[in-house]
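Build out the structure end to end from the sequences listed, making use of the hints.
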Amino acid sequence: MIAQLRGVDATGAGLSDRISRQLESAIAVGLLNDGDRLPPENILAEQLGVSSITLRQSLAEMRLKGLVETRRGRGGGSFISGKALATPEQLVSEFKRRSPEDLRDLGDLAATVAAGVGRRAALRADEQDLRRSRELASRFARASTAEELRRTDSRFHISLGVAAQSRRLTNATIQVHSELAALMWIAGASTASIKTASEEHDAILDAIERRDEEAADRLSAAHFERESETLLDFFLELATTTKPEEA
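Residue numbers (the numbering used here): 4 to 250.
Since no wrong hints were added, every one of them can be taken at face value.
Pairwise CB distance ranges (calculated):
id	residue 1	residue 2	range
1	Arg170	Asp215	21 to 27 Å
2	Asp215	Arg75	50 to 56 Å
3	Glu44	Glu130	31 to 37 Å
4	Lys99	Asp20	24 to 30 Å
5	Gly76	Asp111	45 to 51 Å
6	Leu126	Leu67	41 to 47 Å
7	Thr73	Ser96	26 to 32 Å
8	Glu44	Glu240	44 to 50 Å
9	Gly78	Asp105	42 to 48 Å
10	Arg142	Gly69	25 to 31 Å
11	Arg127	Glu228	20 to 26 Å
12	Leu239	Glu130	40 to 46 Å
Quick caveat, the hints were computed from the structure, so don't treat them as lab data. For every residue, glycine included, the Cβ atom is placed at its ideal position computed from N, Cα and C.
Below, the structure written as structure tokens:
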């Protein structure tokens with residue numbers, strides 16, 4: 004799954020910083036999780052398309068941030084740290100720093116990318132792509148915590164990017180979900196919203212499977228338009244319940 008990050012943009016960043024951001028995106032969307040062991044440096048560098056020296060610089064940056072820890076000796080290596088993910092309290096604080104315009108803009112971007120992914124997946128997905136996406140949709144439906152929802156939701160939508168056979172669309176999906184997913188499932192982790200999202204995932208997959216480009220485009224966009232409204236509702240709820248001294 005790490006190889007999917009190759010080419011993820013981080014405009015304006017130096018090469019080692021860009022690789023750090025790619026790995027941070029992988030953590031944010033659940034491609035890498037707490038305790039995961041990274042591949043050996045020579046293999047990881049090859050997967051990401053950089054030199055071993057650049058990768059070591061990136062890992063050093065991530066260690067300073069507490070996102071990666073290195074263990075020596077037998078069974079050692081570089082591992083994703085438990086500090087890598089924001090706590091619910093930190094996510095709520097981030098929500099409060101946002102503006103409605105920013106959240107709506109993020110939702111618009113997610114809907115636009117997803118529509119393109121859905122349309123092209125309907126044209127290009129094969130049976131293996133559909134099996135993988137169905138399994139991820141099923142895992143999402145069974146998820147019970149905000150962390151599981153974040154991880155499975157992101158991986159489901161990334162799998163659709165893979166099914167669309169477009170590296171750029173896959174990378175765009177990773178970038179959007181690295182920002183959106185944690186916010187979405189701290190905001191919308193209710194039984195009703197999980198059921199609705201699961202039904203929408205299934206409908207998108209049904210449209211892709213029957214090669215209905217228009218429906219896959221429309222349903223994918225509508226899915227994120229609804230989730231954008233959930234984010235905005237949560238933002239307004241936070242704004243109205245904030246104590247005066249916190250404002």
